[in-house]
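> Chain by chain, the residues run as shown.
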Amino acid sequence: MRARTVELGLLVLATLITCVGYGMVLLAKQSADAASDVQNTFQTEVGGFMGIVVGLLLAAHVVVRMFAPLADGLLLPVAALLNGLGYVMIARLDEGLAAKQTGWTFIGLGAFSAVLLLLREPKKLQPYRYTFAVIGVGLLLLPLVPGIGVRINGAQIWLRLGPFSIQPGEFAKIVLAVFLAGYLADKRELLTLTNRRLGPIHLPDLRHFGPMLLAWGMALMVMIAQRDLGSSLLLFTLFVVMFYVATSKTAYVLTGLVMFMAGAVTSWRLFSHVQTRVDIWIDPFADPKGAGFQIAEASFALADGGLTGTGLGQGTPKKIPFAPTDMIFAAFGEEMGLLGATAILVTFLFFVGAGFRVATNARSPFEQLLAVGLTSLLGFQAFIIIGGILRVLPLTGVTLPFVSYGGSSLISNYIILAILVRISHNSVNQAAEELEEINSEAGEVGVSSKTRAKWKAVSA
Amino acid sequence: MNRPIRKVVMVLLGCFVLLFVQLNRIQFYGATALEDQPANSRTIQRDFDRPRGRILTSDDVVVAESTPTPGGFFEEQRAYPHNNLYAHTVGYTSFTFGAEGVEREYNDALIGRTAGQELSGLTDILSGRNPVGDVRLTLRHDMQTLARDGLGDRAGAVVALNPVNGDIYAMWSFPSFDPNLIAVNDGSVANEQWTALVNAEGNPLRAKTYRDIFFPGSTFKLVTAAAALENDVLSPTDPEFEAVESYVPPLTERPITNFGGATCGGNLIELLVVSCNTAFAQVAAEQLGPGPTVEAAERFGFNQVPPIDLPASVESIFPTDFGSAVENPDGFPAGVFENTPALAQTAIGQNDVSASPLQMALVAAAVANGGQVPTPHVLQQIEDSETRDVTSTYQPSVWLRAMAPDTAAQLTDAMIQVVERGTAQNMAIDGLIVGAKTGTAQLGTDPPRSHAWIVAFGGRASEPAELAVAVLVEGQEGSSEQTGGRVAAPIARSLFEQFFSSQ
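The listed protein sequences derive, respectively, from chains A and B. Sequence positions in the first sequence follow the working numbering and run 1 to 460. Sequence positions in the second sequence follow the working numbering and run 1 to 503.
Keep in mind that the hints were calculated from the coordinates and are not lab data. There's no promise every hint is true.
[What the hints assert, rightly or not] Calculated pairs, DSS-like style, for lysine-lysine (alpha carbon to alpha carbon, straight line, at most 25 Å):
#1 B:Lys-7 x A:Lys-249
#2 A:Lys-29 x A:Lys-319
#3 A:Lys-187 x B:Lys-7
[Unchecked claim] Away from chain A, derived, C-beta distances all over 10 Å, residues of chain B:
#4 Gly-30
#5 Glu-192
#6 Pro-490
Given the structure is predicted, the values throughout are model-derived calculations rather than measurements. Built from N, CA and C at the ideal position, the CB exists for glycine as well.
Please put together the full structure from these sequences, using the hints given.
Right, dumping it as structure tokens:
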């Protein structure tokens, strides 16, 4: 139960930080509005929803306590911190989004609870890997169906469902990670065996390789066709990482990189929108009021923030296009400065670290691969969007996990979190059961109580 | 599988280190360069969201202030309560068109960004005070209003200043514009109104007082007279010039005539009293020559940008190239140059000489101020907008030394006589000693039109002069030397009356 105590402590800390952030914005808004009689919706409405968000995050702890009491204690608080800070910034940027983001947080944590409740044994998903492959590709294809698919900001990745727009691609990523984990856990030994060589590279049997390449290739093609470059890049990274972890073969990574280069150059040659992205990446200030506007404004915002930031609520992050969604990191950089932005980077590293620890401790190859895949999804997605904002990579629109505004993204991130929490609990639980067995055996063979205590410590 | 997982962790860690390094480059090392990017509107936007100090006249009339605009484009909207009255001096501050006038010159003080204010902001950090500066001008609302009313709907300019310390009391030119039209925060509205002003007849955006130059006409004879006295070409009473109707400079057939074909002559005082063209042309062409005339003009400030504390003031022009020396059969002391005929014309304020009304006011000031040209300025002091403490005061200074005190005294006497019995008799005011010089710069149009000028100074008996004025009324009908005295003098006169009655 120690992990839960840590979790509760950290969770309280995360919500406190969120509340302090909210308080800073509130003070800034009040002093700005002091001279006028504008009704301060930030205090009434945003504050009320703020309480709901905090309550939901604390409720999630109770859910974990009930359904996965032995899980890692760091995952939920880190997600809660990112979600809470994101809420404050989103509401600060656009008060009208506060209610919606609260709703998405509610649904996200509902999905989190549902997954924890229903998915007691992730291993049981493994046999359905091909079904998942079909579902994954199907989800990606949905937005292309006339009538329900809509194009927003140039990307055909949205489904219009009544008043809501959802991005099925966000869920497809998880489904495809399940597929890859299932497939690779099954075939990893076969893939490691090589019977052909192409120059210095050992090639596995195409029979084992083929189905996966097919499914993955289709997914990638669909995303490129939908002009969703960020998700394509993410899916590609997911594939390379999982493949590498499954086989330990650096050669595959290199092959993957070569393929990526070829693909990148080809799409650069073929598609003008790719060329535009690259041009903007190389020199965003060539046309700072036009093509490079997004990056230029983000850079100006970051420069404005400097070391310590303008202070929450005191900058002008509304000038950044897409500030509540893709560009939210730049808004944090402006108002919390280099220090605050670095804190967010570190928070993501905490999450990634916790996620990979879950992977290392997982008790089956499938769970290990799944944990690696899901953690990588989150980690690299953060890298892709922050790197895009910081001009490390060409900017491709993906959300910053847990932080950005967006229902599909938040819900899928909470599903990922739930799966990681579940795997974490199961591995500790299983280790404890094994320990019990060893303990009873040890009792029979007379192991000292000191050694038993050591075993216990290891398993905790 | 733990070994490859660790490698993936290392790669992802490396990615985040890369992000951290780049974050430092953008937010720390490269921040200044980004802030200086022309496309970066954040600094100016920040200024627009902050309250800005007020601008006041010396008699406490608010001429520019910021009012909060909830729900507007910015938190604050700049307002100019007196519309066009101070437009050319105070200017405007516009998100779309930048800043002009005092708003531009003293922007740092108005937004609290001068070194002193930032230091005070540091010590006030606990009280959360954010000091901005109120700018108090030397302008007087009564004088400014009078200048506007005096000129009415005639194109022209009025400058009134203190001849000793350079305090500007009034600076008005017509047509003017309403800065509220440009300062409006809605960019598209501002744009539309700006375009209308740019295309408006008479170019109302231009401050004629310090950003435009005109033929100074006979008012320039003061400079020529100073040059002659300083170079000992003549004294106030000697020689007596023969009364003539016209004068033909060397190397030309074209005579220079007096207004209305008059005949005039006499000593220097007489020449100024009646504003005798022929004699001044002759003195410059035959006895002064290009060098000393140019030098004298430049000592008054010609060919230099006046150091007034307003942006983009223009220099008044006196030509410097009169060609090379040619044969001098008549043995003129000044020699003869290729362009001596032009010199003869510039000496009476025509041909290529052009002066701003500000410059001509400074000529009058120099005469009244013992030969010293004060540095003209509109700032009196900067005050803390909350505590009303004076944080800095303008330190008056001398811009130029135009002539020796003796020369100034002689010209003072001459200008007083111009008022007593010459072309500026309209300037005679009970209880004051006023000196003036009129000017009528012919524009060579048909029917004849001319710029009517008057420059004047005045003070109480046995006290130093306290006011110097230049008035220009553009494009008046007729071209007699009386035009300046008839048209421009009443405007100047009302300023003197107001100034001295209010003290």
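> For a quick check of understanding: which of the numbered hints are violated here, in increasing order?
4
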